[in-house]
Amino acid sequence: MRKRLPGFLLAAPAWAWLAVFFVAPVGMVVWFSFGYKPSIFATQATDRLSFDRYAEVFSPTFFATFQNTLWVGVVGTVLCFLIGLPVAYWMAVKAPPSRRGLLVALVMVPFWTNFLVRTLGWQVILSPDGWLSTALQGIGFEPLAILNTRGAVLLGVVYNYLPLMILPLFVAFDRVNGPLREASKDLGAGKWTTFFRITLPLAQPGIIAGVLLVFIPLMGDYITATVLGGAKGNMVGQLVASQFQTAQNWALGSAMAVVLIIVILATVAVGAAIVWLVTLPIRASHRLVIGAPATAPASASIHEEVAA
Amino acid sequence: MTTATTTEAEAATTSSPGAEAPGTVVIDAVTKHYGDSTAVDRLSLTIEAGEFISLLGPSGCGKTTTLRMIAGFEEPDDGDIRVSGRSVLGVPPYRRDVNTVFQAYALFPHMSVAENVAYGLQQKRTPKAEIHDRVVDALDLAQMRRFADRKPTQLSGGQQQRVALARALVNRPSVLLLDEPLGALDRQLREEMQLELKLLQSRLGVTFVFVTHDQGEALSMSDRIAIMRSGRIEQLADADTVYARPASAYVAAFVGQQNFFSGTVVEGGTAVDSTHALVRGTSAGLPAGGTGLAAVRPEFVSIEADVAADASGAANTARGSLIGVSHLGETMQYLVRLGDDQSLIARRPSPEAPQLSVGDAVVCSWRAESVLLFPADDAASASGYVAPPTV
Amino acid sequence: MSSEEIRILAPAGAAKTIRRELSRRRFLSFAAAASSAGLLAACAPTGSPTTARASGGPLESKLSIYTWGDYDAPDVLDAFTADLGPKISLSAFNSNEEMVAKLVGARGTSGYDIVVPTGTFVAQMAEHGLLAKLNHDLIPNLKHVDPTFLGRAWDPDNEYSICKAWGTTGFVYDVTAIDRELKDWNDFIDAAQNEASGRTSLLDDPSEITGIYFWANGIPWTTTDPDDLDAAEAFLVNELAPHISAFDSYPGGSAIPQATQMLMQSYNGDARLGILESPEPERWKYVLGSPATEIWMDNWAIAAGAPNPEAAHAFIDYVLSPENALAELDYIGYDTGAKGIEQVASDAGLPMLDLVFFTPEQVATMHEGELTEAQERVVQIWNATKAAAGA
Chain C
42 MRKRLPGFLL AAPAWAWLAV FFVAPVGMVV WFSFGYKPSI FATQATDRLS FDRYAEVFSP
102 TFFATFQNTL WVGVVGTVLC FLIGLPVAYW MAVKAPPSRR GLLVALVMVP FWTNFLVRTL
162 GWQVILSPDG WLSTALQGIG FEPLAILNTR GAVLLGVVYN YLPLMILPLF VAFDRVNGPL
222 REASKDLGAG KWTTFFRITL PLAQPGIIAG VLLVFIPLMG DYITATVLGG AKGNMVGQLV
282 ASQFQTAQNW ALGSAMAVVL IIVILATVAV GAAIVWLVTL PIRASHRLVI GAPATAPASA
342 SIHEEVAA
Chain R
3 MTTATTTEAE AATTSSPGAE APGTVVIDAV TKHYGDSTAV DRLSLTIEAG EFISLLGPSG
63 CGKTTTLRMI AGFEEPDDGD IRVSGRSVLG VPPYRRDVNT VFQAYALFPH MSVAENVAYG
123 LQQKRTPKAE IHDRVVDALD LAQMRRFADR KPTQLSGGQQ QRVALARALV NRPSVLLLDE
183 PLGALDRQLR EEMQLELKLL QSRLGVTFVF VTHDQGEALS MSDRIAIMRS GRIEQLADAD
243 TVYARPASAY VAAFVGQQNF FSGTVVEGGT AVDSTHALVR GTSAGLPAGG TGLAAVRPEF
303 VSIEADVAAD ASGAANTARG SLIGVSHLGE TMQYLVRLGD DQSLIARRPS PEAPQLSVGD
363 AVVCSWRAES VLLFPADDAA SASGYVAPPT V
Chain U
-15 MSSEEIRILA PAGAAKTIRR ELSRRRFLSF AAAASSAGLL AACAPTGSPT TARASGGPLE
45 SKLSIYTWGD YDAPDVLDAF TADLGPKISL SAFNSNEEMV AKLVGARGTS GYDIVVPTGT
105 FVAQMAEHGL LAKLNHDLIP NLKHVDPTFL GRAWDPDNEY SICKAWGTTG FVYDVTAIDR
165 ELKDWNDFID AAQNEASGRT SLLDDPSEIT GIYFWANGIP WTTTDPDDLD AAEAFLVNEL
225 APHISAFDSY PGGSAIPQAT QMLMQSYNGD ARLGILESPE PERWKYVLGS PATEIWMDNW
285 AIAAGAPNPE AAHAFIDYVL SPENALAELD YIGYDTGAKG IEQVASDAGL PMLDLVFFTP
345 EQVATMHEGE LTEAQERVVQ IWNATKAAAG A
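Protein chains in written order, with this note's numbering: chain C, 42 to 349; chain R, 3 to 393; chain U, -15 to 375.
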């Protein structure tokens, strides 16, 4: 027998990576957030710790920005999910298998372009004098007035983040292979029942991955929102950036960053709880526990019949 | 779609229900194409209620496509399929009175064993208490009650197979379709399950349509075997007939093992004159002067040391040198080289097997009654049936 | 990233915008100075790095320039290498603090020869030994620089810096949408609250935003009086923010050509480029902020420890020559401060020079920014204004 490495040793590089590139920086941010900005010539000091920065974060000014960010984050993620789900399902299940590689490549196409360039492209398209607006006016519409509104922000968000939703969903649906869906239909379940009881539950890891991949970066993104939403695209990410870059108040910036992390975690937890609660009665109705047989199985067994 | 439904209804009416008992499956001149290739070619087959029928053939012969058309996962391009006297054309799988045991079981990994079995009953809005009882019964039947609350991933292959069976049978279908269900099991378990399946089928009286490429499986369980080739049925008969009186060289080769001799048809169509032996049968039937195939099963070939050294061979005799001896348990198998291009297998029951060593000159012989004669069949040879090993 | 590379990736319209987004005026904020000063205090070198003082010896073969993105005419750079030999390598920074942080971190070994700090940074950079003294003997073309732009408060004798370019702040409005003449910051505010409500943008910079209130109300925009700051916040958050649709430091990039807004606070050079690129230039009118507004000035300086001081001096002298000054002005769209360049530019037929050059009376109304302890408060007001506009 070959001696096997203990599991934790194999995981050591991963833990080291996590510690150096995640735990340490986040720890520093948390540490800074309890400090203060001692003078206009320094960014932060931690010789005196307090929750004062957090009190500042919860001022009405920042609260409004947090609200706006959360709105964009949640609505954007929900939109991406509602659009990405049927697209990914179609790609994985309905599209001819020979075309799937091409479809995945097409989904990735926007990523071949710089993030800022893509977003600015939309700014050009949506402007009141842009070709889209001109075309719409040509057929009798008002000039386009979507730029610098929340509608434009959502459009940009869906455009920039949709691939991050589609790809994990596609992989998940692709893995729920044909025989399982066929088995479901064979057992009397129609298309929708099959989708909700077999495909969707088995795609759960992909759904979770997609939602987190969209929601978390979206909460920190301010480029999309600012470029397309103008003043209406005010995001926490920009507040944090302004504290670090412009105000040079690392303590307050850190506190904002920590609150943002907490808001993200809390939102994810609340979302998970809502899904759990909503599906609870459905899952309960499908649940079936038999328990161990009280006595030996009845004489129905084939073996015993053979013996007899 | 409305018109289609009407046509189906009419078809169902015209197919005179009542004439076909519940559990009967009638496949009527069904054709199925995939692109340019024809998977099933005007196939007709009537499966009696309560029958255990096997669709046997190599991969690509159309047996799985046929099964999937009965299940409803594929629609025929032409022809009709009736289950229990009612046409199922255009009827989705979930409305057909058939259930399937899938090749890789296709158990739902996120449900417990009991929930897997209950799934079909839940779709039919069966009352909860009844579901519970029927699931317990089905699990008892499959001897899987102990594992009711486990997840499929915690089970062995054989256990998963039993769950798949219980999951299908709990719905009390009139027809059960089995798509190579034993393929993933090891040999001992497979043989055990063959026996169980057969017993189960005869006890429940459900029609079993069993797809396999394993002739042993088909022979041991089936009431009838349909040997398929290129989308058609080559022979439909019970196990004995298929084994003893194969309708073609293809069937002869696919069921059991054969020693083939190819050569010119002589003696009024009763013998084939091959390079290494004159093989004579008991009946005429082959056009004289053409090429023909003679086949002899290894178990009908006797073997002994060649003491006569008499090169002038009598009919149904072949001389060669022994190049291999192997124990198959109850029988001994001998591999004899007749010439550069042909060898011969002989099999004798172990108690009466002669003591021979590799390198010995041997003479093999067989009775004319055990010889089967077929017209030359290039297609059969090309389709890869079991041919005598050439060493 | 060069502007050419960007152009390959983006539609022509967007490329221009991006180039601008990455370019010079993006991060003009005095706040950062505070931090740089902090960095300086913390990391100031213990001894001034030894600077090889240029004495007019032979030029080195290389020259490294650390400047704002897309802030030099490529033709002038190429011509310098062709005429005098040293090969130029360009590096770009986005903000003064980024540049200062790099110089402090390198402690005189950054390898950069020429740096381009904004005026407000020069004094502190010099004080902390980050800049080398200039040898005026090697820069005879200094005589071509207009004395108005020499001897500023932060470097009275131009020991460390010479004006590279300067600019100011005003606003642009759409004369087809606003049919009255806007003349000063009060008109700007009034239009923003009325006909241009929801179609007005402000510069995305703390001091520029508070500046509007201070300039309009005759308060020095460098005030540290808490009452003034409170009043500015109340006005901006409650009175102005609800009418603002964007915070855009470069309306000339896309907002003017695409007519996204009606009224835009903007820098003079950016507004000029935007109007020049607009399909309907006559639609836009630029108004210099009044009764008061800002002036900013970027400067040529030599980094302490510069490896190629002779080439650095030669380069500064080269770009100050009248013909090169004109080429620079034509490319960047801001006045380089060269004597008589207005006439030269006018003779050369450059368009819209009223957005580049200003009368001495106008220049007298422009005030330089200053680093004060109110900076944090100003940033807070900026954040509050943006939050209010986004609500």
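Please keep in mind that the hints were generated in silico from the structure rather than gathered at the bench. If you're wondering where the values come from, they're calculated on a predicted model, not measured in any experiment. Beta carbons: idealized from backbone N, C-alpha and C, even for Gly. Please note: incorrect hints may appear among the correct ones.
What the hints assert, rightly or not - Computed footprint of chain C on chain U, listed as stretches where at least three residues anywhere in the stretch have a Cβ under 8 Å from a Cβ of chain C:
id, region
1, 226 to 232
2, 363 to 373
Unchecked claim - To spell it out: a stretch of chain C is covered by chain U in this simulated footprint if at least three of its residues, at any positions, have a beta carbon under 8 Å from a beta carbon of chain U; those stretches are:
id, region
3, 209 to 218
4, 221 to 232
5, 269 to 281
Practice prompt. Count residues of the region 226 to 232 of chain U with a Cβ under 8 Å from any Cβ of chain C, then say if the count reaches three.
Written response: holds (count 5)
Practice prompt. Tell me if chain U covers the region 209 to 218 of chain C under the three-residue, 8 Å CB rule, please?
Written response: With 0 residues closer than 8 Å to chain U, the region 209 to 218 of chain C misses the three-residue bar; violated.
Worksheet item: How about the region 221 to 232 of chain C: do at least three of its residues have a C-beta closer than 8 Å to a C-beta of chain U?
Response: It is violated: at least three residues are needed, and the region 221 to 232 of chain C offers just 0 whose Cβ sits closer than 8 Å to chain U.
Worksheet item: Checking C-beta pairs, does the region 363 to 373 of chain U have three or more residues closer than 8 Å to chain C?
Response: holds (count 9)
Worksheet item: In terms of beta carbon proximity below 8 Å, does the region 269 to 281 of chain C have 3 or more residues touching chain U?
Response: With 8 residues in contact (Cβ-Cβ under 8 Å with chain U), the coverage given for the region 269 to 281 of chain C holds.
Checked against the numbered hints given earlier, the structure breaks hints 3, 4 and satisfies all the rest.
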